Amino acid sequence: MKQEEIVAKLKEAAKDGKIPCAVAFKIAKECSVSTKEIGNLLNQIKIKISNCQLGCF
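Using the numbering used here, read the sequence shown as starting at 100 and increasing by one per residue.
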């Protein structure tokens, strides 16, 4: 999946500039990318993780 498509999914899932940790994990799995890559993308687009479960982001 292209980076732009992943960013679009993240932006769609985010509310008020935040995305729940579980949703970020789900998107990582759906897109076959690491949680680290999702974390990097979220930092780039300035979306914060909420309700963090494991401290992965």
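Quick caveat, the hints were computed from the structure, so don't treat them as lab data.
Worth double-checking, as some hints may not be accurate.
As the list claims (entries may be wrong) - If you anchor each label on the Cβ, the simulated ranges turn out as follows:
| # | residue 1 | residue 2 | range |
| --- | --- | --- | --- |
| 1 | ASN150 | LYS101 | 14 to 20 Å |
| 2 | ALA112 | LYS135 | 15 to 21 Å |
| 3 | ASP115 | GLN143 | 14 to 20 Å |
| 4 | GLU111 | ASN139 | 15 to 21 Å |
| 5 | ALA107 | THR134 | 16 to 22 Å |
| 6 | LYS135 | GLU104 | 14 to 20 Å |
| 7 | LYS114 | GLY138 | 25 to 31 Å |
| 8 | GLN152 | LYS101 | 15 to 21 Å |
| 9 | GLN102 | PHE124 | 16 to 22 Å |
| 10 | PRO119 | ASN139 | 15 to 21 Å |
| 11 | ASN142 | LYS101 | 17 to 23 Å |
Said to hold, decoys possible - The list that follows gives simulated cross-link-like pairs (lysine-lysine, DSS-like), each with its CA atoms no further than 25 Å apart:
| # | residue 1 | residue 2 |
| --- | --- | --- |
| 12 | LYS135 | LYS114 |
| 13 | LYS125 | LYS108 |
| 14 | LYS145 | LYS114 |
| 15 | LYS125 | LYS145 |
| 16 | LYS125 | LYS147 |
| 17 | LYS114 | LYS125 |
| 18 | LYS145 | LYS110 |
| 19 | LYS147 | LYS101 |
| 20 | LYS135 | LYS125 |
| 21 | LYS135 | LYS147 |
| 22 | LYS101 | LYS114 |
| 23 | LYS125 | LYS101 |
| 24 | LYS101 | LYS145 |
| 25 | LYS135 | LYS117 |
| 26 | LYS110 | LYS147 |
| 27 | LYS145 | LYS135 |
| 28 | LYS101 | LYS117 |
| 29 | LYS108 | LYS147 |
These numbers come from a predicted model, not from an experiment.
We put the beta carbon where it would ideally sit given N, CA and C, even for glycine.
Tested hints:
| no. | hint | in the structure |
| --- | --- | --- |
| 1 | ASN150 x LYS101: 14 to 20 Å | violated, 28 Å |
| 2 | ALA112 x LYS135: 15 to 21 Å | holds, 18 Å |
| 3 | ASP115 x GLN143: 14 to 20 Å | holds, 18 Å |
| 4 | GLU111 x ASN139: 15 to 21 Å | holds, 18 Å |
| 5 | ALA107 x THR134: 16 to 22 Å | holds, 18 Å |
| 6 | LYS135 x GLU104: 14 to 20 Å | holds, 18 Å |
| 7 | LYS114 x GLY138: 25 to 31 Å | violated, 18 Å |
| 8 | GLN152 x LYS101: 15 to 21 Å | violated, 27 Å |
| 9 | GLN102 x PHE124: 16 to 22 Å | holds, 18 Å |
| 10 | PRO119 x ASN139: 15 to 21 Å | holds, 18 Å |
| 11 | ASN142 x LYS101: 17 to 23 Å | holds, 18 Å |
| 12 | LYS135 x LYS114 | holds, 21 Å |
| 13 | LYS125 x LYS108 | holds, 11 Å |
| 14 | LYS145 x LYS114 | holds, 12 Å |
| 15 | LYS125 x LYS145 | holds, 19 Å |
| 16 | LYS125 x LYS147 | holds, 16 Å |
| 17 | LYS114 x LYS125 | holds, 16 Å |
| 18 | LYS145 x LYS110 | holds, 10 Å |
| 19 | LYS147 x LYS101 | holds, 21 Å |
| 20 | LYS135 x LYS125 | holds, 13 Å |
| 21 | LYS135 x LYS147 | holds, 14 Å |
| 22 | LYS101 x LYS114 | holds, 22 Å |
| 23 | LYS125 x LYS101 | holds, 17 Å |
| 24 | LYS101 x LYS145 | holds, 19 Å |
| 25 | LYS135 x LYS117 | holds, 17 Å |
| 26 | LYS110 x LYS147 | holds, 11 Å |
| 27 | LYS145 x LYS135 | holds, 15 Å |
| 28 | LYS101 x LYS117 | holds, 22 Å |
| 29 | LYS108 x LYS147 | holds, 14 Å |
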